[in-house]
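Just so you know, the protein sequences line up as chains A and B, in that order. Take 321 as the starting number for the first sequence in this note's numbering and just add one per residue. Take 855 as the starting number for the second sequence in this note's numbering and just add one per residue.
No lab work stands behind these hints, which were simulated from the structure alone. Backbone N, C-alpha and C define an ideal beta-carbon position, used for all residues, glycine too. Some clues are possibly wrong.
To be verified - Distance condition first, Cα-Cα at most 35 Å in a straight line; then the derived DSBU-like pairs of lysine-lysine:
hint, chain 1, residue 1, chain 2, residue 2
1, B, K1129, B, K1078
2, B, K973, B, K1047
3, B, K1078, B, K1047
4, A, K422, B, K1047
5, B, K973, A, K422
As the list claims (entries may be wrong) - Per label pair, the in silico range of CB-to-CB distance:
hint, chain 1, residue 1, chain 2, residue 2, range
6, B, P1054, A, D371, 18 to 28 Å
7, B, G980, A, E408, 22 to 32 Å
8, B, D877, A, E437, 41 to 51 Å
9, B, G980, A, R351, 53 to 63 Å
10, A, D455, B, S1105, 42 to 52 Å
11, A, A361, B, A1206, 44 to 54 Å
12, A, E391, B, G944, 43 to 53 Å
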Amino acid sequence: MILGHCARPAATLQSLMVIILDLADEAATHRLGATLAGLAAAGDVIALEGDLGSGKTALARAFIRALTGPEEEVPSPTFTLAQLYDCENATIWHFDLYRLEKPEDALELGIEDAFAEGISLIEWPDRLGGWLPADRLTVALSSGTGAGSRRVRLTGGPAWTTRLQETFGD
Amino acid sequence: MKAAEHSCPKTFFPALGAKGKPDVIVLGIESSCDETAAAVVRDDRTVLADVVLSQLDEHRPYGGVVPEIAARAHLDHLDHLVAEALSRSGIGLAETDAIAATGGPGLIGGVMVGVMTGKALALVAGKPFIAVNHLEGHALTARLTDDLAFPYLLLLVSGGHCQLLAVEGVGRYRRLGATIDDAAGEAFDKVAKMLDLGYPGGPAVQRAAERGDPGRFALPRPMKGRPDCDFSFSGLKNAVRLLIADQAPLSEADRDDIAAAFQMAVAEAIADRTKRAMGLFAMTYGGPGALVVAGGVAANAQLRRTLTDIAGQTGFRLVAPPLNLCTDNAAMIAWAGLEHFRLGHQDGMDFAPRPRWPLDPQAKQLRGAGVKA
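Please build the complete structure, drawing on both the sequences and the hints.
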């Protein structure tokens, strides 16, 4: 399933770890969401990138259910922009910034509190501009070769390299 | 049951109407998402004033759509809107009987602004404060517009919600089904975006669909035939995405045909789920009753046609409040507050805004017990 991973120097002198995975179907997307949930800790920022329908919310839903419960209702936060979930060690902030017009508006959503103490899952993270923390995990979803398949590119900042290496490395 | 907390008041407040005062008048405030709104409603079902920010003159240049994402925006406008609503109604703050504000669910910053404003006005005027569940506002609107008796079936379809509820009484709701992923209005907005049709997506898709042929492309009818009353629109959105990729580059006619196929799929999927809920409703309450449609998606002409058809088949009466009362507004909050006030309910100054506030907190347990996800 792992096509390749490499640690390469980024422009900021900090190393980023890149891992590329192929997900055969939606169940594989759910498993990845649950795996990432197992790695997450308070203060983590996870950016979910991908076009409409690429599976961002499906991955976020599996992530949240892994930390709350299989029956937890996880509506898409497109309309409310943010949905909060309490789990054992932190609050999960599920953002969908699709409708955000200015990055500054995110401050009104309490995004600084989320970054400081919560676990942040952010759909449409590009809407944040410069407010998006540099040390984050970026999960980029795109269409795979098969009908329901997806290709995922995980890019981890310094806070993520060890965790990603231990989980996805050989 | 959390909804019942609402109907178990912290302090009992005797309804003034019962003491011979001719009318009960409630000021309502709505600020849980995009709209900042204030309204004054009387218990003879008269809306004395109903002001939404985008109606005001200084916002006309924006074409009537002013997204009020930031709490600060609600803060900037709410005082002015309340003053405007009171002035249009000809009612002074002292003449109102209660102040109602949306207490959730919704965007927490906006809800806080509305709740704080409501509490402040209540304290200043010496009136009871009532925190209203935004969804309850939608659920009770048909009693304001059509004087409907309990129980009735409610289909709430908007940008943020998609659910079927049996409305049994004030504070008594039984959720029959809900979306397991996206809301219907959200699917419209996203498909409009994929087809470059503009925003808001509902009217844009409808215009294109009217020119198109719904039969040219086959799209799935999500959840159709399932024994529950739940919805799903994420898979349909994805099917549209794949269809667009397959047909690219799109001609004007392709766009219209895809919009028509999508709109038909949404309408038929909602109709299938609603028909199932009608069966459940008739079984539980001893026969068919009224089907109330609320939420912005209720404006969609194809959905209305389809719902009229199934209402005819099942013996239900379709009740669709006017669009300005279907979408987010403060008249529905004032009315829901008024219904609670008449029952002697009020909330304390310690009420905390609730970003998530299900109308039927037992719904999930029911699902866990009987329905496979």
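Against the structure, the hints:
1. A distance of roughly 11 Å separates the Cα atoms of K1129 of chain B and K1078 of chain B; the hinted pair therefore holds under the 35 Å criterion.
2. About 40 Å separates the Cα atoms of K973 of chain B and K1047 of chain B, which puts this hinted pair outside 35 Å; it is violated.
3. A threshold of 35 Å between alpha carbons decides the hint, and for K1078 of chain B with K1047 of chain B the separation of about 25 Å falls inside it, so the pair holds.
4. Restraint check for K422 of chain A and K1047 of chain B: the C-alpha separation of about 19 Å stays at or below 35 Å, so the hint holds.
5. With a C-alpha separation of about 31 Å, the suggested pair K973 of chain B and K422 of chain A falls inside the 35 Å cut-off, and the hint holds.
6. As the Cβ distance of P1054 of chain B to D371 of chain A is approximately 20 Å, the hint placing it in 18 to 28 Å holds.
7. For G980 of chain B paired with E408 of chain A, a C-beta distance near 44 Å fails the hint of 22 to 32 Å.
8. A beta carbon spacing of about 49 Å between D877 of chain B and E437 of chain A agrees with the range 41 to 51 Å that was offered as a hint.
9. Restraint check, G980 of chain B to R351 of chain A: a C-beta distance of roughly 58 Å satisfies the suggested window 53 to 63 Å.
10. Judged by the Cβ atoms, the range 42 to 52 Å given for D455 of chain A and S1105 of chain B holds: they are separated by roughly 46 Å.
11. At roughly 27 Å, the beta-carbon separation of A361 of chain A and A1206 of chain B lies outside the given 44 to 54 Å, and the hint is violated.
12. Roughly 50 Å separates the CB atoms of E391 of chain A and G944 of chain B, a value that falls within the hinted 43 to 53 Å.
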